[in-house]
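**Q** Using the sequences plus the hints, can you model the full thing?
2 protein chains.
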Amino acid sequence: MSQARKQIRLNAFDMNCVGHISHGMWTHPRDRSADYTDIAYWQHLARTLERGLFDGLFIADIIGLYDVYKGGPETALITGAQTPLNDPILLAPIMAAVTEHLGFGITVNLTYEQPYLFARRFSTLDHLTKGRIGWNIVTGYLDSAARGLGQDKLQNHDGRYDVADEFMEVVYKLWEGSWEDDAVLRDRERRIFTNPSKVHRISHRGPHYQVDGIHLSEPSPQRTPLLYQAGSSDRGRRFAGEHAECVFVNGPSRAITRSVVEDIRRKAVAAGRRPDDVKAFVGVTVIVAPTEAEAQDLFAEYREHASAEGGLAHFSASVGLDFAAYDPDEPISFVKNDANNSALEAITKRSPDKVWTVRALREQMKLGSRNQPIVGSPSQVADQLAAWVEEADVDGFNLTRTVTPESVEAFVDLVVPELQNRGLYKTAYEEGPLRQKLFGAPRLPDRHRAAQFRRSWPAAAE
Amino acid sequence: MSQARKQIRLNAFDMNCVGHISHGMWTHPRDRSADYTDIAYWQHLARTLERGLFDGLFIADIIGLYDVYKGGPETALITGAQTPLNDPILLAPIMAAVTEHLGFGITVNLTYEQPYLFARRFSTLDHLTKGRIGWNIVTGYLDSAARGLGQDKLQNHDGRYDVADEFMEVVYKLWEGSWEDDAVLRDRERRIFTNPSKVHRISHRGPHYQVDGIHLSEPSPQRTPLLYQAGSSDRGRRFAGEHAECVFVNGPSRAITRSVVEDIRRKAVAAGRRPDDVKAFVGVTVIVAPTEAEAQDLFAEYREHASAEGGLAHFSASVGLDFAAYDPDEPISFVKNDANNSALEAITKRSPDKVWTVRALREQMKLGSRNQPIVGSPSQVADQLAAWVEEADVDGFNLTRTVTPESVEAFVDLVVPELQNRGLYKTAYEEGPLRQKLFGAPRLPDRHRAAQFRRSWPAAAE
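Residue numbers (UniProt numbering), protein chains in the order written: chain A, 1 to 462; chain B, 1 to 462.
I should point out that these hints are in silico values taken from the structure, not numbers from a laboratory.
This list has only true hints and no planted wrong ones.
It does not matter which identical chain is used: a pair holds within one copy or between any two.
Straight-line C-alpha distance at most 20 Å; calculated SDA-like pairs for lysine to any residue:
1. K130 / Q43
2. K198 / G71
3. K130 / R32
4. K6 / T427
This structure is a prediction, so every number in the text was calculated from the model and none was measured.
**A** This is the structure:
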């Protein structure tokens with residue numbers, strides 16, 4: 001599927017908190033992430049990304065605390081590792097107000113949402129942003145979240161996806177099937193705001209959800225928001241193949257990532273879709289400076305402020321293992337069968353011949369917990385990104401921040417022009433909603449399963 | 001409690017939809033309410049209100065449709081009477097971004113919220129607005145909402161308030177009791193973002209809610225948002241007396257409104273609070289112009305665009321009676337025992353000697369469905385407002401819109417200077433969060449029941 005001048009797509013990856021992926025960076029004197037409660041902080045980020053023609057800003061979220069490491073949340077609190085953590089959804093309107101094209105992918109865990117109200121919230125966002133909203137579909141994984149929400153245990157993994165499938169059916173009905181495109185007339189002379197014959201009651205009675213009503217919002221530019229997903233399990237990939245339009249992948253190598261992307265595209269085809277109905281974004285951390293030497297100096301400087309403890313607090317929760325409980329010098333291969341292999345392998349398979357100990361893992365937490373940073377001159381970074389697109393069959397990147405906002409500014413000022421010079425990156429935004437920019441049309445295609453919930457309405461009578 | 005130069009407080013009253021209270025106004029050629037999906041529309045409103053030194057903008061919400069009148073939602077759809085209706089919470093960040101002092105009272109029906117996530121959402125808003133957030137506590141009343149949310153019937157009225165009391169307890173624990181004021185250090189040198197010994201797990205196991213966790217957000221300027229409430233039943237007033245800091249009242253006369261306000265203040269005292277711990281706002285609709293004659297002309301012009309049908313669709317749902325099913329000329333006293341008396345009496349008691357028929361009620365729906373409009377010159381309007389404050393013991397007003405934005409602009413340009421000239425209205429904002437502006441301190445007083453959930457933390461050790 002790769003081709004010579006495939007255009008690279010760029011998302012920025014962020015979270016409404018201090019430490020997101022690169023823990024400890026807030027201690028750097030130039031870092032501003034501790035200003036995350038300020039409107040101006042987010043508007044500056046949005047303007048910077050739009051200056052760099054980024055397709056979107058993806059805002060992560062997690063409900064619960066990282067309390068596996070050392071048996072409690074203390075380390076996450078001390079290091080600011082995704083805690084405190086504010087609501088992501090409220091940032092989109094703020095940033096939409098100062099941008100025109102930038103999209104927003106907002107993470108919401110559907111497990112704790114009422115589909116009827118959730119659908120209205122995203123319709124409202126899609127209206128206010130003129131069709132620039134995406135939803136990152138999450139079903140959750142932290143036991144601490146379940147406790148916070150009054151449940152003793154999370155549902156088992158596959159059961160959560162069954163609930164998610166039904167949730168999707170309900171919101172598709174509301175978004176796609178309740179209001180016809182020409183329902184709203186805004187006709188002052190005839191005093192008809194909405195033609196009621198073109199608004200339809202949704203009736204859903206399933207095992208997990210019962211909804212009987214009219215969608216509260218009129219149709220927004222995209223109707224269904226652009227759908228993102230990041231599940232890496234086999235069941236998660238099937239869900240992605242059936243629903244997602246953008247997937248986030250992380251892989252220890254291009255070859256492994258390619259196999260993941262190919263699997264998701266196969267599952268999309270199995271669901272009646274086309275391979276390129278799914279765009280794949282791989283996470284990257286980039287340290288760029290005008291020269292390689294400057295970039296390496298910057299990387300060393302950043303690493304001095306990195307927090308291995310914060311990284312381990314985060315990573316222990318992801319893997320489900322308290323790494324503080326092990327001898328630092330014992331090889332960690334022994335834990336593999338108890339743990340979330342994919343997160344652990346995303347690190348260990350980067351150097352498959354290395355003997356991985358907790359001590360080595362700890363060192364890797366300094367700016368390398370999620371992926372191996374790409375460090376270099378603009379040309380070197382562009383080489384690496386081009387190689388990922390070519391060899392891993394990804395469509396683009398999910399750029400994590402390090403020292404903020406300077407890491408994003410450096411990418412926009414140094415890497416974006418280099419990619420443009422190579423013909424690998426757009427020089428202007430396309431028009432239209434987020435989905436139109438990425439897929440050529442503002443609404444989901446007929447082959448997506450959401451389309452079956454549309455009414456086959458007759459041609460407009462008036 | 002009234003005094004010579006009591007300062008009048010002003011809220012604007014709005015909703016994320018076309019027709020809010022004064023139905024049909026969207027058909028007026030100068031009305032812009034059909035632009036409610038635009039960010040610029042709301043930012044213009046916010047700037048106008050801040051120019052007029054309004055304390056707040058109160059954003060209503062209702063989940064469900066007005067489907068009592070004529071047995072279906074058709075009339076509400078045709079007239080745009082609170083349908084379509086978008087989410088209110090997403091408007092606050094947009095408007096906060098272009099204002100510095102204006103507060104926002106957001107309506108959220110707690111019945112369908114998870115307190116753990118709801119608490120984070122309002123903490124996030126309070127952070128982003130620098131302490132300008134209020135929450136209008138609603139427990140809901142439409143059967144259509146219950147159906148939309150998968151329930152066959154609403155809980156009975158008093159039962160809903162019991163659930164609400166427990167919900168309040170949970171969110172008080174999260175907002176007031178989880179993070180001590182000096183928990184967050186942001187100490188770059190010592191690399192301590194949060195001192196974990198000052199963050200406390202909340203454990204709540206009640207009949208309706210179970211929450212076990214740390215609040216996800218660090219303390220915001222107000223912690224608990226400013227609490228608004230509008231319940232008019234005896235149980236609703238008790239809830240207001242126990243929790244609310246601002247109440248909305250509507251009354252057919254100053255004397256009746258005064259008795260309602262006195263009752264709420266009595267109930268506040270019974271809950272260990274002071275009478276003036278609760279500020280009362282009465283709804284007003286104002287048509288103002290430089291002269292009385294111009295104002296009357298404007299009123300007549302507006303009424304030509306008013307929709308009696310939209311008003312009846314709204315009112316039938318409020319009262320729980322389909323007024324289309326009655327003979328237009330039959331006196332409506334006969335329905336009183338079946339209906340929500342307070343909404344009906346709010347109209348009929350304005351003219352207690354009049355024989356009220358459905359036909360008369362329909363005529364009253366044209367700009368008079370909620371309260372009798374105040375129409376006149378700036379001086380005449382100010383006289384009326386001053387009389388309400390004096391005679392009804394209210395603290396201020398909840399100003400509904402008619403033709404928007406010109407009705408709000410006219411109030412700011414004509415009425416506000418008149419009130420200022422009389423010494424009845426501030427000439428500059430006070431500093432600080434919304435609660436500080438209204439009550440002199442950013443946090444709830446110790447005598448409010450939320451205070452019992454604070455930790456009696458020791459003096460900071462570091």
